[in-house]
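Undergrad: Chains as they are written, first to last, in our numbering: chain A, 615 to 856; chain B, -8 to 221.
These are computed hints drawn from the structure, not numbers from a lab.
C-beta: ideal position from N, C-alpha, C; glycine also.
Heads up, some of the hints might be wrong.
Said to hold, decoys possible - Incomplete in silico selection of chain B near chain A, CB under 7 Å:
| no. | residue |
| --- | --- |
| 1 | Glu115 |
| 2 | Leu117 |
| 3 | Arg120 |
| 4 | Gly129 |
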Amino acid sequence: MTGSASAIQGQSLTKIYGSGNAEVTGMEDVTFSLSIGEVVALLGPSGSGKSTLLTIMGLINAPTSGKLLIGEALVTDGPVAKVNLRVYRRKFIGYVLQKTNLIPFLTAVENVQLALEINDIPCRAARNRAMELLESLDVVHRSGNLPYMLSGGEQQRVAIARALANKPMLVLADEPTAALDSVRGRQVMELFRTVAREYGATVMVATHDHRSLDIFDRILEMEDGRLVSQKQANKDSPIGQD
Amino acid sequence: MQFLLDSFHKAFLLLLHLDSEVFQIVWLSITVSFWSTIFSASVGLPVGALLALKDFKGKSVILLLLNTTMAAPTVVIGLFCYVLLSRVGPLGSLGLLFTPSGMVFGLFILATPIAANLTVAAIESLDKRLMLTCELLGASPAQQFWLVIKEARFAVMAAVVIAFGRIISELGIAMMLGGNIRGFTRTMTTAIALETSKGEFELGLALGFVLMAVALFINGLLFLVQKERS
């Protein structure tokens, strides 16, 4: 179920890369609000500003202007950080990328464990929590394998487990199914719905994959750096009716 | 020709009988090189990682200086350190000139840029996603450093081995800062230079064989590291 309280809000967010003649507008005047537990798709062609928006929401990039609030807290006011962004990233945000970016020399369970240890969880407790997460995402049988030994779908599951490790209030995924076939892609998308339901996280997924839109509560669409539409997703689908 | 054969023969005898002077010189060379490498790696690796991971004002100047130091003749580094350590120099009160510690200091100055530069190259060749992952996970700079060094461990190990090789085969700094004092600061390279200048090749050749064996060992180690990496 989605709550009405806001998990994250953007107010007139603009991002300009470069300066002078080399200035490029990555995103312009984007305003949005995501509720707690909401699962949102972010659509748009390549270069429309989806990744820019996600990196700003993920506190990787600072906006040139505009405000970003997480919960009630003002996180950035233009390029000025109002909180310790590293701590916010660690505690409140889980990020899943198109290419899974698992650390190649760590096993599946160590990749998940790492996110916990970075957050000062003791080693043994981190290990247990990592195994629990891998089990809940049905990939525990691969816990001792290095990333290259896993299939694309398994890697993405481990990446999702890692993103969930610190029980983030916000999970951001940038084209998480781009490297997967349609069946695996669908499974991963359904996982995000499960994540929102079971962990109470707000999820935003940037995607080109129109076949899985029934999974989402709401669809935002970007074009040329602007948010051009926000609409409720088709709720007739059984998956959408949770 | 007979003279050469005699020299080789005597050199082998020195090694075979574990001549105490040869042993002392080899031991000092290895000890001084070991500590110089430890200190160089302790400074060079973090500095290299910092330069590779962080963008800041003056970074390119530091990189340029490091590259220049790498290419600087060792006698120039030796001269610079001599001035620092001499009685009238700023570090003269430490009394390090013509001591093994003074040699360690000079060799540290020589090898730190090598360790730093090779660490920069090792980290910059890593998959950029590792750094992004560290950022995304909210890792602290110390945690990022540890992860990056772990991922680049083979190249970093190679950097340390190369630094050791450079140190143990160095002559100018060891000569200028150690003074080639028999039984105290005489290393393999300074002894080879001295014995050759005297026209007495046996000891020089014996030490030359040891030095070649060390070079072979270092290259073998590098080969194994690179094999493991691939």
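Undergrad: Against this structure, judge whether each hint is valid.
TA: Status of each hint after checking the structure:
1. Glu115: With a minimum Cβ separation of about 17 Å from chain A (threshold 7 Å), the hint on glutamate 115/B is violated.
2. Leu117: Since the shortest Cβ distance to chain A is 10 Å, the answer is violated.
3. Arg120: Result: holds, 4 Å to nearest chain A Cβ.
4. Gly129: 3 Å, holds
In terms of the numbered hints stated before, the structure departs from hints 1 and 2, listed from lowest to highest.
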